[in-house]
Structures are given as structure tokens and as C-alpha cells.
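Line by line, the protein sequences give chains A and B.
Numbering (the working numbering) for the first sequence: 1 to 248.
Numbering (the working numbering) for the second sequence: 1 to 353.
In short, the hints are calculated from the structure, not lab data.
Here the structure is a predicted model, which is why all the values come from computation and not from measurement.
Quick reminder that beta carbons are idealized off the backbone N, C-alpha and C, glycines included.
Treat the hints loosely; a few may be bogus.
Have a look at the derived ranges for each label pair, beta carbon to beta carbon [what the hints assert, rightly or not]:
id, chain 1, residue 1, chain 2, residue 2, range
1, B, Trp195, A, Glu164, 26 to 34 Å
2, A, Asp58, B, Val265, 39 to 47 Å
3, B, Phe301, A, Ser148, 48 to 56 Å
4, A, Asp146, B, Val316, 18 to 26 Å
5, B, Val316, A, Phe149, 29 to 37 Å
6, A, Asp236, B, Ala127, 45 to 53 Å
7, B, Trp280, A, Arg73, 35 to 43 Å
Dumping the calculated PhoX-like pairs for lysine-lysine here, alpha-carbon to alpha-carbon at most 25 Å [what the hints assert, rightly or not]:
id, chain 1, residue 1, chain 2, residue 2
8, A, Lys122, B, Lys194
9, B, Lys194, A, Lys125
10, B, Lys194, A, Lys94
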Amino acid sequence: MTGQQLMVEGVSKRFGGVVANDNISLSVPEGSIVGLIGPNGSGKTTLFNSIVGYHPIDQGSIRFEGREISGLRVTEIARLGMLRTFQQTRVYDKMTCVQNMQISVPRKDEGFGAMFSKSHPKIMKKADSLLAFVGLYTKRHLLAGDLSFGQQKLLEFAMALMNEPKMLLLDEPTAGINPTLINGLIDRLKRSNADLGITLFVIEHNMRVIMDLAEHIYCLAHGELLAAGSADEIRDDQRVIDAYLGAY
Amino acid sequence: MNTAERNLALYGSILIVSLAAPWVFPAYQTQLAFLWVMVLFALTWDLVGGQMGYTSFGNIVFFGIGMYVTAVVQRNLHFDIEEYVHVAGAVDMLKPGEYLTGLFLGLGASAIVAVIVAAVLGLCILAMGMRGQYFGICTLGLGVAAGELASGWEYIGAGSGMVTPVFPERLGERGAFFYYIFFILAGIVFLTVKWLYAGRFGLAINAIRDDEDKAEAMGIRTTRYKIVAWCISALFLGLAGGAAGHLVGFIDPTEVAFAGATFGVWMILMAILGGKGTLWGPVIGAVIFHITQEVFWTYLFGWQRVAMGALIVGIVVFFPQGIMGWIRERWPERFGYRVQESTISSASEGGGA
Numbered sequence: 001m002t003g004q005q006l007m008v009e010g011v012s013k014r015f016g017g018v019v020a021n022d023n024i025s026l027s028v029p030e031g032s033i034v035g036l037i038g039p040n041g042s043g044k045t046t047l048f049n050s051i052v053g054y055h056p057i058d059q060g061s062i063r064f065e066g067r068e069i070s071g072l073r074v075t076e077i078a079r080l081g082m083l084r085t086f087q088q089t090r091v092y093d094k095m096t097c098v099q100n101m102q103i104s105v106p107r108k109d110e111g112f113g114a115m116f117s118k119s120h121p122k123i124m125k126k127a128d129s130l131l132a133f134v135g136l137y138t139k140r141h142l143l144a145g146d147l148s149f150g151q152q153k154l155l156e157f158a159m160a161l162m163n164e165p166k167m168l169l170l171d172e173p174t175a176g177i178n179p180t181l182i183n184g185l186i187d188r189l190k191r192s193n194a195d196l197g198i199t200l201f202v203i204e205h206n207m208r209v210i211m212d213l214a215e216h217i218y219c220l221a222h223g224e225l226l227a228a229g230s231a232d233e234i235r236d237d238q239r240v241i242d243a244y245l246g247a248y
Numbered sequence: 001m002n003t004a005e006r007n008l009a010l011y012g013s014i015l016i017v018s019l020a021a022p023w024v025f026p027a028y029q030t031q032l033a034f035l036w037v038m039v040l041f042a043l044t045w046d047l048v049g050g051q052m053g054y055t056s057f058g059n060i061v062f063f064g065i066g067m068y069v070t071a072v073v074q075r076n077l078h079f080d081i082e083e084y085v086h087v088a089g090a091v092d093m094l095k096p097g098e099y100l101t102g103l104f105l106g107l108g109a110s111a112i113v114a115v116i117v118a119a120v121l122g123l124c125i126l127a128m129g130m131r132g133q134y135f136g137i138c139t140l141g142l143g144v145a146a147g148e149l150a151s152g153w154e155y156i157g158a159g160s161g162m163v164t165p166v167f168p169e170r171l172g173e174r175g176a177f178f179y180y181i182f183f184i185l186a187g188i189v190f191l192t193v194k195w196l197y198a199g200r201f202g203l204a205i206n207a208i209r210d211d212e213d214k215a216e217a218m219g220i221r222t223t224r225y226k227i228v229a230w231c232i233s234a235l236f237l238g239l240a241g242g243a244a245g246h247l248v249g250f251i252d253p254t255e256v257a258f259a260g261a262t263f264g265v266w267m268i269l270m271a272i273l274g275g276k277g278t279l280w281g282p283v284i285g286a287v288i289f290h291i292t293q294e295v296f297w298t299y300l301f302g303w304q305r306v307a308m309g310a311l312i313v314g315i316v317v318f319f320p321q322g323i324m325g326w327i328r329e330r331w332p333e334r335f336g337y338r339v340q341e342s343t344i345s346s347a348s349e350g351g352g353a
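Can you make the complete structure from the sequences, with help from the hints?
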């Protein structure tokens with residue numbers, strides 16, 4: 001298949017006796033926005049962790065731009081251009097927002113000497129413009145740890161954009177954010193996809209958000225792939241409704 | 001006064017006071033020399049322990065290695081080893097030229113050996129993903145092991161230690177000579193870390209301190225940064241150890257070289273007292289700590305260890321942030337942590353990247 005940026009085939013992951021992911025296959029086309037939903041404990045985050053190399057998988061293959069990545073480590077995969085954000089936001093607490101941005105530059109071609117270089121003015125400018133993009137420009141000299149949870153989520157998103165990824169895996173980008181801010185975030189996610197051409201693969205519990213955002217949605221339940229389809233198909237799928245209401 | 005003038009005044013006055021100190025207090029030259037050793041300890045420890053958040057109890061290893069390597073180079077260059085060991089260093093005095101050649105060749109060798117050892121240990125410990133308390137305990141073991149190894153190795157005098165050659169009189173006073181060596185070395189270390197913290201390197205090791213998993217997820221080559229930071233720390237500790245051995249004159253394997261219970265702990269305390277993870281904190285901490293310690297020795301002799309223990313408890317309980325950390329928390333605006341209300345000029349219409 002061409003045009004598929006991420007191909008997950010038959011991936012299984014067990015933790016002791018618990019089967020977190022069982023023979024999951026899915027694909028994410030380049031330039032698209034794809035959603036991943038499922039009840040709590042259905043294995044969404046485990047799948048994300050498997051994809052970005054946080055832990056080895058037991059079976060199956062994961063290909064990014066045609067290249068097998070299931071044996072690579074987290075940093076190597078990140079440098080290939082596939083980045084993830086965390087469900088619990090993760091920013092560098094004791095550093096200012098600007099510093100958080102500066103350190104998030106792409107690392108692909110970083111040589112040994114680059115370790116000791118200073119940040120280029122272009123980087124500072126880009127950091128400022130991205131902070132303005134997520135609405136944190138006035139707070140850019142505050143410590144990231146002093147921001148509210150929602151603002152930290154926005155900062156984490158800006159840091160991800162700073163890294164110029166080809167594909168972003170977002171783990172519940174709107175969890176814990178107030179409804180007004182959510183609309184702004186959806187808008188920015190769409191713009192990053194449309195304007196910057198970043199493929200988005202999103203875990204989300206908020207149905208309104210995911211239906212609005214994603215063109216194609218996969219639904220997991222009990223570690224297995226339950227359903228796949230467009231937003232409308234998923235919304236009307238009886239199995240998905242049952243899974244969410246606890247019939248499984 | 002603007003920033004440049006203020007910096008000039010600050011560094012200028014430190015320079016003048018430092019250069020004059022051994023002549024104003026000739027009786028305290030050795031103690032003053034050790035003041036700079038303490039500053040070196042705190043600054044090199046803070047690079048890994050404060051800025052990178054890897055609490056190491058084993059940095060003393062590099063200090064001890066430097067001490068032995070310099071002494072061995074000095075000895076092997078000028079003396080018959082067996083005779084030297086037999087008379088415990090009481091041989092003919094070296095000419096100034098010989099002494100200096102041996103010393104500086106020794107220091108060079110110390111730096112190289114310390115960095116190689118740090119790189120190998122780093123590959124064993126850091127590259128294996130050892131973090132947090134596990135890293136701390138592991139390094140604690142290193143310090144103990146190194147002392148035991150040195151105590152059992154005949155070539156470097158085993159348990160009875162090594163004597164460094166007598167300081168040639170024609171070079172002037174030993175205390176003053178080493179005072180300036182340590183002053184220059186401490187100055188170089190300060191400027192080096194200042195430069196490192198201002199660039200990418202500082203940002204990267206700060207990121208590792210705050211959230212290493214995140215740093216990895218963002219593609220930062222964390223292992224490389226960690227090992228290089230440790231090697232830089234080891235480089236300067238090796239140099240400091242080499243010169244310190246010659247200043248003290250006698251190298252005991254566990255009391256002087258691999259003195260984990262004193263120097264090894266002090267370097268951590270000084271950094272914490274001054275404020276770990278800050279540029280000036282370790283310097284301030286080292287100065288206060290060293291002066292306090294000397295005062296305890298003078299006025300509380302017999303109880304100096306108890307007083308020191310009480311001070312340590314006090315530091316950890318009341319100054320967990322350290323002096324600079326406390327100041328930064330109290331007046332964050334002075335450190336540039338403030339809301340900037342002015343709107344963005346060029347970037348606002350730029351939107352994305």
C-alpha cells in the first residue's frame with residue numbers, strides 16, 4: 001500500500017498474563033488525521049508506547065514510511081520524525097517556556113559539535129512564533145512548571161511542533177482542558193495538519209472532539225481492534241456503543 | 001550601572017581579592033588554596049548532580065585517580081621506583097624544572113586517564129539506563145571500591161600511601177604556588193560551565209534533569225549528553241586531584257585520595273548549600289562551607305565533626321533549595337521569570353512555523 005505513513009500489522013503485547021494488545025493491525029495515511037478510541041484499559045496507550053518504541057512488542061511489525069521500526073529505541077524513532085505527547089503532560093518544569101521550546105529543536109542531523117553550540121536566532125524566532133500560535137507568548141519567560149495543566153498541554157503541543165515531526169501521536173490532547181480552550185486546541189490541531197502537513201494520530205475520549213477532528217477512527221476494546229471506519233460509521237456502530245456502555 | 005559594568009565590577013573585584021589573598025594572609029595560604037579546591041569540587045559536582053540531576057556519590061574517584069596518576073608520573077620520570085618506595089620519598093630534592101615538568105606532565109596524564117575512566121564507567125552505568133537512587137548507590141560503590149583497590153596495590157604504595165616529591169624551595173612558597181594553580185583551575189572551570197550552561201548543552205542536561213523520558217521522546221541523545229557531562233566533570237576533578245596530591249604531600253588511599261566520607265560528601269553539601277543547579281550556588285556554598293569548617297576546627301576542636309554533622313542536617317532541613325535557590329524563589333523577577341505583557345511584533349501574523 002502506498003501513501004500509508006504508519007503501518008501496524010498484527011501487533012501483540014502482553015504484560016505477564018494480561019494481553020494489552022492482541023493482533024492489532026491498522027494504518028495511518030500520510031497527511032491524515034486518524035483517531036483511536038476505546039474504553040479505559042482497552043490498550044490505546046499501550047499501542048502508542050509500542051509504536052514509539054517505549055517497550056518491545058511480542059509479535060507483529062510496525063513500519064514507519066516503509067521502514068521497520070519495531071526494534072528501534074524511542075530516541076531513534078523520534079529522530080525519524082514520529083513524535084508522541086503524553087497523557088499526563090510532560091514539560092521541563094524547572095525551565096522557562098522559551099527554554100522548553102529551544103531544547104525541542106529537531107535532532108536528526110545533530111553532530112557531536114552541535115552539543116556545545118548556542119541557539120540560532122532563527123530558533124528563537126520560531127520558538128516565539130509557535131508560543132504565540134498556542135497563545136503562551138506572554139508567559140514565555142515563566143517556568144513551565146508554574147503554568148496551569150491546560151497551558152502545559154498547549155506548551156507540550158508547541159514543543160512537538162518545534163521538533164518539525166512528520167507524524168504526531170497525541171495521547172488525549174484535550175483531557176483536563178476547559179471547553180473554551182478545547183475549541184482553540186482543535187482549531188490548532190487542524191491547522192498544524194493542514195498548514196504544516198503533519199499527520200496526526202490521536203487518542204481521545206471526548207467523542208465530540210474526535211468526531212470533529214478525525215477522518216478515520218479505530219476503536220479498541222479489551223486489547224482487540226473492535227471497529228474501524230469514518231466518524232459517522234463509528235458513531236452508529238452498535239459494537240462500539242456496547243463497548244462504551246460496558247456490554248463487553 | 002548596566003549589566004556589563006556590573007559584571008566587570010563583580011569579576012574584577014573577585015580577581016583582585018583572589019590575587020591578593022595569599023599575600024594578605026600568608027599564614028593561611030594552604031587553607032586558601034583548599035578554598036579553591038572546594039569551589040572546584042562543588043562546581044564539577046553540580047554539573048552532573050545539580051544541572052543534570054544525577055546525584056553522584058562517586059565523583060571523588062576521579063579526584064583520587066588524578067592524584068595517583070600525577071604522583072606516579074612524577075615518580076617514574078625522575079626516580080628509581082624501588083628506591084623511592086623504600087625511603088618513602090626521602091630522596092634528593094628535584095630541580096625546579098624537573099619538578100614542574102613532572103607536575104604538568106602528570107596533570108596532563110591525570111586529565112586523560114580520568115576522562116577515559118569516566119567514559120568507560122559512563123558506558124557501564126549511564127548507558128545501561130541507571131537512574132535516580134540506583135545511580136547514586138552505584139556511584140557510592142565506585143568510591144568505596146576505588147579506595148579499597150588503591151589500598152591493596154603495591155605499585156602505588158598500597159595502604160601506606162604515596163609521598164610526592166618535596167617542593168623545590170627555589171619555586172617560592174608551596175602554599176602560594178598551589179594557591180594560584182587552583183585559582184586558575186577554578187576560574188577555568190567556572191568559565192567553562194558558564195559557557196556550557198548558556199548553550200544547548202545546558203538546556204539538554206536541564207531537560208534530562210526535569211524529565212528524561214520526555215527528553216528521549218523528543219529525540220535528544222540523552223546517553224551522549226550524560227556521558228559527556230560526566231567526562232567534563234571528571235576532567236577537572238582529575239586535574240584538581242593531581243595538584244592537590246602535590247599540595248598535601250602525602251597521598252593516603254582512603255583519607256586523602258578516595259576520601260568519600262569527607263571530600264566526597266562535602267562536594268554534594270556545598271552544592272546543595274549554595275543552591276544546586278545554579279551557576280553561582282556552588283561557588284557561594286563552597287566558600288561558606290569551607291570558612292565554617294575552618295572555624296569549627298579552630299574553635300570547636302574535638303567537637304568539629306559533631307558541629308559539621310549538625311550543620312549538614314541544618315543545611316538539608318532548612319536550605320533544601322540552597323541559598324541561590326531560595327533567592328530565586330523569593331525574587332523570581334530578578335531572574336527573568338516574569339510575564340511579558342508586550343505583544344509579539346513579527347511572529348503574531350506568522351502563525352505556524
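Now for the hints, and whether the structure bears them out:
At roughly 28 Å, the beta-carbon separation of Trp195 of chain B and Glu164 of chain A lies within the given 26 to 34 Å, and the hint holds. In this structure the hint that Asp58 of chain A and Val265 of chain B lie 39 to 47 Å apart at CB holds, the actual value being about 46 Å. Phe301 of chain B and Ser148 of chain A have their C-beta atoms about 55 Å apart, which keeps the hinted 48 to 56 Å range intact. At about 25 Å, the beta-carbon gap between Asp146 of chain A and Val316 of chain B stays in the expected band of 18 to 26 Å.
As the Cβ distance of Val316 of chain B to Phe149 of chain A is approximately 31 Å, the hint placing it in 29 to 37 Å holds. At roughly 52 Å, the beta carbons of Asp236 of chain A and Ala127 of chain B sit within the given window of 45 to 53 Å. Evaluation of the 35 to 43 Å hint for Trp280 of chain B and Arg73 of chain A yields a pass: the beta carbon distance comes to about 37 Å. A distance of roughly 23 Å separates the Cα atoms of Lys122 of chain A and Lys194 of chain B; the hinted pair therefore holds under the 25 Å criterion.
Using a Cα cut-off of 25 Å, the hinted pair Lys194 of chain B and Lys125 of chain A holds, with the two alpha carbons roughly 24 Å apart. For a cut-off of 25 Å, the pair hint linking Lys194 of chain B to Lys94 of chain A stands: about 18 Å separates their Cα positions.
Violated hints are absent here; each numbered hint is respected by the structure.
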